[in-house]
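Below are the chains, spelled out letter by letter.
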Amino acid sequence: MDKNYTARRRRDLIIAAVLAALAALAPLFVKNVYIQNILVLTLMYAALSQSWNILSGYCGQISLGHALYFGIGAYTTELLFTKFGVLPWFGMLAGGAIAALIAMGLGYPFFRLRGHYFVIATIVIAEIGLLLFQNWEWAGAAMGITIPVRGDSWLKFQFMRSKLPYFYFALALCCLAWFVTWWLEDSKWGFWWRAVKDNPDAAESLGVVVFNSKMGAAAVSAFLVAVGGAFYAQFLAYIDPESVMGFQFSLLMALPAVLGGIGTLWGPVLGAAILIPMTELTRSYIGGSGRGVDLIVYGGLIVAISLALPQGLVSLFSRSKAKGATR
Amino acid sequence: MTALLETRGVWQRFGGLVANSDVSISVGRGEIVGLIGPNGAGKSTLFNLIAGVLPPTQGSIWFDGEDVTKLPAAERCQRGVGRTFQVVKSFETMTVIDNVIVGALVRNTVMREARRKAHEVLEFTGLAARADVLASDLVPAEKRRLEVARALATEPKLLLLDEVLTGLTPTEAQTGVALVRKVRDTGITVLMVEHVMEIVMPLVDRAIVLDLGKVLVEGTPADVVRDPKVIKAYLGDRHAVGA
Chain A
32 MDKNYTARRR RDLIIAAVLA ALAALAPLFV KNVYIQNILV LTLMYAALSQ
82 SWNILSGYCG QISLGHALYF GIGAYTTELL FTKFGVLPWF GMLAGGAIAA
132 LIAMGLGYPF FRLRGHYFVI ATIVIAEIGL LLFQNWEWAG AAMGITIPVR
182 GDSWLKFQFM RSKLPYFYFA LALCCLAWFV TWWLEDSKWG FWWRAVKDNP
232 DAAESLGVVV FNSKMGAAAV SAFLVAVGGA FYAQFLAYID PESVMGFQFS
282 LLMALPAVLG GIGTLWGPVL GAAILIPMTE LTRSYIGGSG RGVDLIVYGG
332 LIVAISLALP QGLVSLFSRS KAKGATR
Chain B
7 MTALLETRGV WQRFGGLVAN SDVSISVGRG EIVGLIGPNG AGKSTLFNLI
57 AGVLPPTQGS IWFDGEDVTK LPAAERCQRG VGRTFQVVKS FETMTVIDNV
107 IVGALVRNTV MREARRKAHE VLEFTGLAAR ADVLASDLVP AEKRRLEVAR
157 ALATEPKLLL LDEVLTGLTP TEAQTGVALV RKVRDTGITV LMVEHVMEIV
207 MPLVDRAIVL DLGKVLVEGT PADVVRDPKV IKAYLGDRHA VGA
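In order, the protein sequence lines correspond to chains A and B.
Letter by letter, the first sequence follows residues 32 to 358 of my numbering.
Letter by letter, the second sequence follows residues 7 to 249 of my numbering.
Just to be clear, a hint being listed does not mean it is correct.
To list a few chain A residues with every Cβ distance to chain B over 10 angstroms, as calculated [claimed, not checked]:
no.	residue
1	G146
2	M174
3	V240
4	V241
Which bits of chain B does chain A cover? Going by a derived footprint, with three or more residues having C-beta under 8 angstroms, they are [as the list claims (entries may be wrong)]:
no.	region
5	64-73
6	204-218
Simulated from the structure, these hints should not be mistaken for lab results.
Beta carbons: idealized from backbone N, C-alpha and C, even for Gly.
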């Protein structure tokens, strides 16, 4: 049994490495900038959803306010860069750290809430964050921040001529988020989180400090999402509150995981690979009419999948029922 | 040597309801003690107080020579109090082995050791064949067994069993009884809440009868079942006269 388990984990790792290698070769064949753009977004949302999945999937604390951490990553990086000349690489880490601290600060009161009340709190807090940034003059308020263009540079992490560096960074971030999940899944924390999700009272009786487990999940999750936000800010070269902290980001982090399989290792990647291209394509091909047909198609698909496969798309791949819910 | 567990003058009030009033009991090392009493006697409340689910309104709880009254459940588990739940609380989306690993992680920080410990416990409790099955797919008797396995994986000094034998078929109950004996033989002290007198009485060394939140009688099973006060509590005045 243990051999099976180890073999399965190794198999996951190999599949991931192969997929990452294939993805890395994709730009050789995809020259169309529009498609490249979609690939970058797909990888970014896969990474974000994977990070969201740590807190909401594994630990079961459904957050619809992760846009806050995304925005904090973006703003920290750009404020440090434009006001103090700090390189985005450091800004990215600073943003991650600040987001993790804020997540724990918010967790302190809100992790006492259960179920729907917690979800509502996350939405409200993210909206408050959005309002604060819209009115914060020093941070550009509703006007936002334009990132000064100083030519292509890895040091400043900005590229005007080609999207490829962004593509590779997004791929690296996606791999990192996946690997962190893979690694945590077979750790004390991974087990604690799943126990907390399934039954907090039983977890507590088995020596799991439920509150600390949630805090740990929140910190890791927020850190990674903020790094994603920092990336997105550099990618856009311009940020304003709505474009990095809007509610749609919270949704677009949650949906791929839900679609692919919440609380599973592969769910977020699978979900993002389907959902993000579909979002972009429906928007550009049938969204122009202004009648919201793209949103109807999009919403319809989500409803169909959640009715037919409530465990997410990964459940199609699991060979036995036993693996279905945990993998 | 001091008792492993002691409650000293424990009170628990829920609003106007007094669930436990001035309960002082002690459980010695290596004993199997039965906590019995009619419905609403305050057994489950006392159990939760000992496990640390909530602090008592008044009084103190001593475990292994230390005052643990203010410690939360997780910390009591780390000190050696293991428990099961009357209404089973399996981690439904996890496999049987994963359920037990959660418990094993209390004393094994390395995953490989926790996994080994979990397998050992499954072997001991007779669930080894079901290791890779989802907890939600177990039959009720197996779920009860999983509760015990999970608690045993925390390597407790005291195991609190909350009605693990209730609602089982006679055969299942007998295997349950055998398991409890086996647990005690490994040196673990057992305090069990039980409804079914004919199963629990031959099993325990000592029985504590609660009624209306108070300790009614305490003694050997044989003495307790003959005590008029116990018969009255269970069956009413009419029968007590006959005894």
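Taking the hints in turn, this is what the structure says about them:
no.: 1; hint: G146; verdict: 16 angstroms, holds
no.: 2; hint: M174; verdict: 47 angstroms, holds
no.: 3; hint: V240; verdict: 5 angstroms, violated
no.: 4; hint: V241; verdict: 8 angstroms, violated
no.: 5; hint: 64-73; verdict: violated (count 0)
no.: 6; hint: 204-218; verdict: violated (count 0)
The structure is inconsistent with the numbered hints 3, 4, 5, 6, although it conforms to all the rest.
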